[in-house]
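Read off the chains here:
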Amino acid sequence: MIELCGVGKVFPGGQGGFTALDNVELRLPAGEFIAIVGKSGSGKSTLINLIAGIDRPSRGEIRVAGTPVDALDESALALWRGRTVGVVFQFFQLLPTLSVVENVMLPMDFCGTLRPRAARARALELLGQVGIADQADKLPSSLSGGQQQRAAVARALANDPALIVADEPTGNLDTHTAMAVLNLLTDLTAIGKTVVMVTHERDLTSFADRIVTLADGKVVGESAPRASVRNARETADA
Amino acid sequence: MVNAIVGTRWLKLFRDLEAEWGRVLLMVAAIAVSIVAVGAILGAHAVLTRAITANYLDTHPAAATLDLEGDAGAAALVLARQHPAVADAEARDVILARAQVGADWRPLLLFVCDDFVAMRLNTIERLDGAWPPATGDMLIDVTATAMLGTEIGRRLRIKTAQGMAHEVPVTGRVNDHGLVPAWQERIGYGYISRETLASLGEPPVLHELRIALRDPSADAAAVAAVANDVGRQLAAHGIVVHEIRVPPPRQHPHYKQMTTMLYLMLTFSVMALVLSSLLVANSLSAMLARQAREIGVMKTVGARTGQIIRLYATLVAVLGAVAVVVAIPAGLMGARALTNAVAGLLNLNVADNWVPLRVFAVQGCCGVLVPLCVALVPILRASRTSVRATLDQHGIGSEGLRLRTGHFPLAVRNALRRPGRLALTVALLSAGGAMFMTALNVAESWDRNIAKIYETRHYDVEVRFYQPQSVDLARSLRELPGIAVVETWGYSPVAVAKQGQIDVVRAYPDRGHASVVIMAPPTAMRLVSFPVLAGRWLRDDDTDAVVLNHAMAAQMPEIRVGDTIDLSIAGRRAAWRVVGLVEEIGSVGAAYVAADTFERIAGTGGQVRMLRIATLADSPQARVDAIRAIERRLDEDRVSVETVLPLTELSMAMTDHIMILIRLLIAMAVILAAVGTLGLTSALGIDVLERMREFAVMKTIGATPRRIVVLVLAESLFIGMLSWLAAFVFALPLTLLLDTLVGNLGFVAALPFVISPGPALMWLVLIAAGSILASGIPARRASQLSVAQALVQL
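Taken in sequence, the protein lines are chains A and B.
The first sequence begins at 1 in this note's numbering and counts up by one.
The second sequence begins at 1001 in this note's numbering and counts up by one.
To be clear, the hints were calculated from the coordinates, so they are not data collected in a lab.
Possibly wrong hints are sitting among the right ones.
What the hints assert, rightly or not - Here are the simulated SDA-like cross-link-like pairs (lysine to any residue), alpha carbons at most 20 Å apart as the crow flies:
(1) K138(A) / A1750(B)
(2) K1452(B) / S1640(B)
(3) K218(A) / R27(A)
(4) K138(A) / A1341(B)
(5) K218(A) / D22(A)
(6) K1452(B) / A1341(B)
(7) K1256(B) / G1163(B)
(8) K1452(B) / A1750(B)
(9) K1699(B) / S1783(B)
(10) K1699(B) / A1750(B)
(11) K138(A) / L1745(B)
(12) K218(A) / W80(A)
(13) K138(A) / R1015(B)
(14) K138(A) / S1783(B)
(15) K1452(B) / V1754(B)
(16) K39(A) / T177(A)
(17) K218(A) / E74(A)
(18) K138(A) / M1001(B)
What the hints assert, rightly or not - Selected chain B positions facing chain A (in silico; Cβ < 10 Å):
(19) A1321
(20) L1380
(21) R1381
(22) V1387
(23) D1544
(24) S1756
(25) G1758
Here a beta-carbon is modelled for each residue, glycine too, at the ideal position from N, C-alpha and C.
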């Protein structure tokens, strides 16, 4: 469960700063694929950064699975992030001097989850799950965009986090590859992960269990299209 | 697979190093050069301080020398040895003679001893040839052979106070480690027996009673007290003691010079290390700036701030450690080379070349800790930046542009965009430049001080006699062709007297170091004009007035103008009123008094012991000819000459004493300049590399490659000029400090503060050339990069 109570974020600059988020109230259930949508500058990325503990709110409280994220100190927050959140970036952000498998091993190293040998085995398993095990020992630069994003997904899963946040994960991919990556993320909910994805492409929201719409830093809509479909199916089956 | 063994973050570190091997090599080289210098100097310091003390103590130096009126015979020796504090006593003498070298005569100190084989105090090392010297023969110090132009088997023509020249065979070579090398003092050292002394026509009398104390750690005051006590006992038995000479206990005459020189070099080495560390910090800062996003990603996937700090701190520590591993053997070789050079200069036997382990420990600590401490600043800054801020990095920003810089040229504004980086680069370059300028300024100050020898002395040669001579001699010399002025001066060794005590002077056996003299200039003095530091110079109506030179005043720091001091001339004491202090470069301690009063107290009866002569010579050869003419006239007149000291010899002796220090300072400055230029190359290279994308954007909107090259070069030159200005300002106090330190070492007074335009201009040219070279290659690369390539750089 992700809970945001009266969350606001003001960035310094200009007169009184720039308000990216204003008094956001949200309760997002665990195990769902949540899409956050909105126009450019609506506060999507800021919201996802706050949920992932990448940034801190100017006011309000954020609780993820009961943990008060905004109250953690930097070290505790980093450890929490490493163990609880997997982040997928638009530009993949794989470290260029590490091989693909090493990129996946990195979170396990920082969080001390597994020793190097076991970490490598798990990383290879995860790369297998995302379909690029054969690329494991290559450098990211030699992979295609789609392959790099798959590697990024594998890295996000390294410490078996309960929450996956993805900021425009398909923004840099062609349509075919984007669909494959979205399917990958959707499949994660099947194994109990909560996926929060930011996108500005309305078409992609069909994959989501829940859609949160932002405008000018405020939540202006919340719907659950797939939940209603699923409920309808369950009713029909019954 | 390595990644199955080693933690991934360490693999990243290794790969980052691999990816930037050129810059890594630069950082390692910079640290290594400084650590080599630190090791070489500390190692040489350890070996040389051990050797200089061991060499000196191996000669069993006498703690004190009592100068007797008569012979230090058996009775005096027995009395001295009976004193409970005296461990041993020996009779010696030191005669100032002259040796003929080609057409000229050079001063020669003759050390006279009764029994060379049984010699126990102030011993000499036998090298080759005869031992002991037979009657009529002479041994010669190895450091004097070249200067005297002689060797074993040849005969040296010498003159003593008796005035007659004698041909003395040189039959052996010795090494006297208790003395300053002869070539440095411009004086020869010979060793003869009492019988040989007699054969030269001198009275066979050994006036010196040298004593060693039972307490080897006695300080100068304790030694003087015992020597006074012995003197009183001798006096009670009718043996007259004129003077007691106490050199600084257990200290080689050039110990202070050597250690000061090494400490100075060490200071420069440590500065070089700080410079190198700044270079590392600068490079690392740039590396961290480029890796900002990677740091953000690492933090996103769970890296804590402490882990990031440890990661990059380990990187710097590893670089330092690699540099130390490379530097230790090189430093050891440097220490050996420096030791050999200094040992050669000071005539030391270095029997034990062992460099203590603490030197390596210091090298290790310096090499790892200093760069680490300096690099912690950028590491902490980078690791503490918030995750969002690091992920939002898009290359160089304009966070430094808080100042209103809009009216500045673009190149200047670019340089000011990263004020922290700019400050670090400027600090690096200016520190190197300041030390470069300082070293050359000090060298210039030294030359200026040497020039003062000529500016304040308007004579060409100084002649001293064993016995006072008639003033007619001066008239006789004045008639010689080529002679302009002959002044008659009163002259005598002097001691500062204390009530109820025998006169004690702080002098070594060569009588040159730390000795003091009294001089009486003629009433119409023309050949000397020393700058007055306090009070005034002598007046015609002065009777008890004395003017002290700065070297003498330094020996009595409590004395002020208006105070009264007691001076003893050949045992005759008199009270003198200090009326002035003068600066006299290149002299031992000297007190100047009125000629009439001096004549009365010294009892010279209108005769003189010193002449100062100005020639009409307009070339060095003409000067030499004039001096030779003087020598011939004195020889014809059968005058017994103690020394003939051309002013050029004095200047040469002063230069030889400390030129090594100046050369080493310049060598250190060159190293620092090299490190500074490496820093500039590195910093500008990084700056350009970071802005490739920006250049691409500029090219997209119409900037020509030439415009980009000019922009980068202008920015580089701006940084270089800024650092030059800072270096110039920083060099001012540094020069003042070193002028004081080096001046006190060489002249007992601070060197004149000289800020020479030469070094400043040289550094300006160097820094301009360095700036162009440093930015040339990256600027060219930036200008030639295609827009498409450049835009994917970040």
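Checklist entry - Failing hints, ascending? => result Per hint list: 1, 2, 4, 6, 7, 10, 11, 12, 14, 16, 17, 19, 20, 21, 23, 24 and 25 violated.
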